[in-house]
Amino acid sequence: MKRLIVRPTECTHCRNCELACAFYHSGVPTPVGPHVIEVRRVRTVPVPLTCLQCDDAACVHACPVDAIRRNEKTWALEVTDRCIGCHACEQACPFGAMYFREETHRALKCDLCQGRPTCAAFCPTDALRWAES
Amino acid sequence: MQPANEKTFAMTINGRRLTANDGESVLTVAKRAGIDIPTLCHHPAIEDFGSCRLCLVEVTKPEWKGWQGLMTACLYPAAKDLIVETQSERVRHVRRNVLDLLLARCPESQVIQQLASDYGVTRSSFTPRADADLCILCGLCVRVCESAVTAAIATLNRGRRREVGPPFGDVPPDCVGCTACAHVCPTGHIIFTEDKGVRTIWNKKFELLRCQKCHEPLLTVEQRDHLLKTRDLDVSYYELCPGCKRQRTAETFADVVLKTHPHFVPKQMGGSSGIPTVPFVQHKEVRP
Chain A
1 MKRLIVRPTE CTHCRNCELA CAFYHSGVPT PVGPHVIEVR RVRTVPVPLT CLQCDDAACV
61 HACPVDAIRR NEKTWALEVT DRCIGCHACE QACPFGAMYF REETHRALKC DLCQGRPTCA
121 AFCPTDALRW AES
Chain B
134 MQPANEKTFA MTINGRRLTA NDGESVLTVA KRAGIDIPTL CHHPAIEDFG SCRLCLVEVT
194 KPEWKGWQGL MTACLYPAAK DLIVETQSER VRHVRRNVLD LLLARCPESQ VIQQLASDYG
254 VTRSSFTPRA DADLCILCGL CVRVCESAVT AAIATLNRGR RREVGPPFGD VPPDCVGCTA
314 CAHVCPTGHI IFTEDKGVRT IWNKKFELLR CQKCHEPLLT VEQRDHLLKT RDLDVSYYEL
374 CPGCKRQRTA ETFADVVLKT HPHFVPKQMG GSSGIPTVPF VQHKEVRP
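Line by line, the protein sequences give chains A and B.
Heads up: the first sequence begins at 1 in the numbering used here, then just goes up one per residue.
Heads up: the second sequence begins at 134 in the numbering used here, then just goes up one per residue.
Same shape as in the complex, but just chain B (with noise of 0.2 Å):
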């Protein structure tokens, strides 16, 4: 048994020996040491599911007396003298299947076509799904909504008519048109739209804030609600667009530099002034 106080300790991927912590996933683990798995459900900031099904690798202990079993990388722990196998026939025959259902289910996504080409399935050898999205129901977007911002989308229905959405299929009363769900989608099947200050995401509408200044488009009313409520920043924040903040505060400095030299001259290349006409100088090693 290992003892209870133990918090590091050494595992096997592929042969090498890595040091793995107490509460770590092996997928963790094998990304810090640089050994690829492919992942499409996985995201640093949320609690892995093991929907995807993809990063499938062999586990074993030498007290397991050979046997070997398929663990989603991302769910099973790290463990003292685990051996984990991430390239394996095995492992990769089943990969081959997965992304052989998935390019079955997305027929049209370039992530899974090159996902699949890179294991060598080119056509998938089912049926592919008739008016297929891009959708494979990994459920990220799901996480991300529920963990990060408003949990305002969930899976809806059963089967094969699962899909992600709002509730009811409506407009979703919580959403706050933070776009989040569509940047983390790994296929790029959530979409939003911007038009004339008008973020359009789930079929709902948002009215952007606009910049005091410059007018420019912000962020959604709902979305700065939000964060005013959640985080501990005050509205001030979200007054200004970046650029205008840029300007305020290069106007600062500005101030700063006219006060302490009165009789200031901006430098300029060429001429006696030593600066070279040609900005492009050869770079200087700086270390660190």
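Just chain A, with the same shape it has in the complex (with noise of 0.2 Å):
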């Protein structure tokens, strides 16, 4: 199974990740843009923080339609159209992994690229690596 594998010992804090992902969920190449990747630096260690993929999820327990689902191929959890923008998610995720896209009236979330993740493809250290774990 392929997962997302996230090194923090390789980060240099370059956040080309937040730009490729903003990218990937926009269409529109912008740093300000939706990005579900977040580069946080504590205590010198810069520590790439994205979607856990957790297997008893918070965000799956808090939404009142089960609108987040398993993809079964790329194991993410997955926001479908049937989300209904009450926001019980965003403020459920314990690790802050969830945000809101006001745009479309729905919750964002790391969707892994549907098994391609672009913050992978576009991590210059391999900070970020999709790979077999």
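What the hints contain is simulated information worked out from the structure, not anything from laboratory work.
A hint or two may mislead.
To be verified - Far from chain A by the CB rule (all over 10 Å, computed), these chain B residues:
(1) N147
(2) L173
(3) H226
(4) P240
(5) Y252
(6) A287
Stated by the list, open to error - Footprint (simulated), chain B over chain A, 3 or more residues, beta carbon under 8 Å:
(7) 3-13
(8) 43-54
(9) 63-74
(10) 88-98
For glycine and all other residues, C-beta sits at the position ideal for the given N, C-alpha and C.
Both chains are sitting in their own frames, so use the hints and assemble them into the complex.
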């Protein structure tokens, strides 16, 4: 099973992943676009933060309409078109990995780009890798 | 007669042979096949209602001897050997009429204007409604609130005075201020405002809970209490804002890195590190 492997020890905090992610989700190359990956530097360690695709996810528990579903191929949790925009998942995620997009009126989360993570493809140091684990 | 255990069957939409499952609507089958049927009051999470009348399609069966019925695709169940036309002249004609009426009801709505112009209606042939708002009375907000939240709003009055709102046009006692009604509204009629940690919707003011660390406004107290009652997450999930939760996660991971790499020095670009100075690298091909 392929996973998105994150290694803070390799990260240079260049934030290419954020740009690539925003481009993937909005279709326009904008640094302020909606990105679901974020790199934070804590005590000199740059940490790329994105959805952990939890097995027993809080977002799934919080959703009143069962809109967040597992993609069996990529094992990503995806926001489906069932989303009604109630923000419950965004507030429930304990890792802050759930976002909301006002333009689409829907929650936005990492869906591993349908099995081809754009962030990993643009990471210059392989701090983000899409590989067998 | 179709055997009772038959769960999937074949039907035709616009001349294409498609597989459908028992219990699906014509709209679901068409959507899955990428066939476009315009809708306004349809939402995948909510039971269909057929109020906007835009998804009307022509349906027939070989044994119906040429009779063709106009049905709402969202409500009409898929059936074996059903033949559906979504863009016939008759369908386009009734959709034009529907849009003509909708345009008279909501002349200011950009969504309706766009749909109408797609069907060649630029001006309504009816007299536009005086002091029109953006509500097409599709009831999607009412159905979303009823099935997913607290049924705080409903349609009021009858006929020309019919409108969507809280009971008796008063401040809604059951509303939790989740704004789902505003987000599903197809024409953007329902609006809410947020100012200095106070959210206003349906004339009800909600004091927003604040993040315990940075005091950013989060969700309404009423929505949190509703989620605590209906979902199985405890109150600690709703205490911090997403940003502070990310910071907490980053700190946890950074601690692990510093523990496992006691002499940790962050990598840098350029120099002898072997990492290009310009971070924009050639896109690497990643195949699933």
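Evaluation of the provided hints:
no.: 1; hint: N147; verdict: 22 Å, holds
no.: 2; hint: L173; verdict: 14 Å, holds
no.: 3; hint: H226; verdict: 29 Å, holds
no.: 4; hint: P240; verdict: 23 Å, holds
no.: 5; hint: Y252; verdict: 24 Å, holds
no.: 6; hint: A287; verdict: 17 Å, holds
no.: 7; hint: 3-13; verdict: holds (count 6)
no.: 8; hint: 43-54; verdict: holds (count 6)
no.: 9; hint: 63-74; verdict: holds (count 6)
no.: 10; hint: 88-98; verdict: holds (count 10)
The structure meets every hint from the earlier list without exception.
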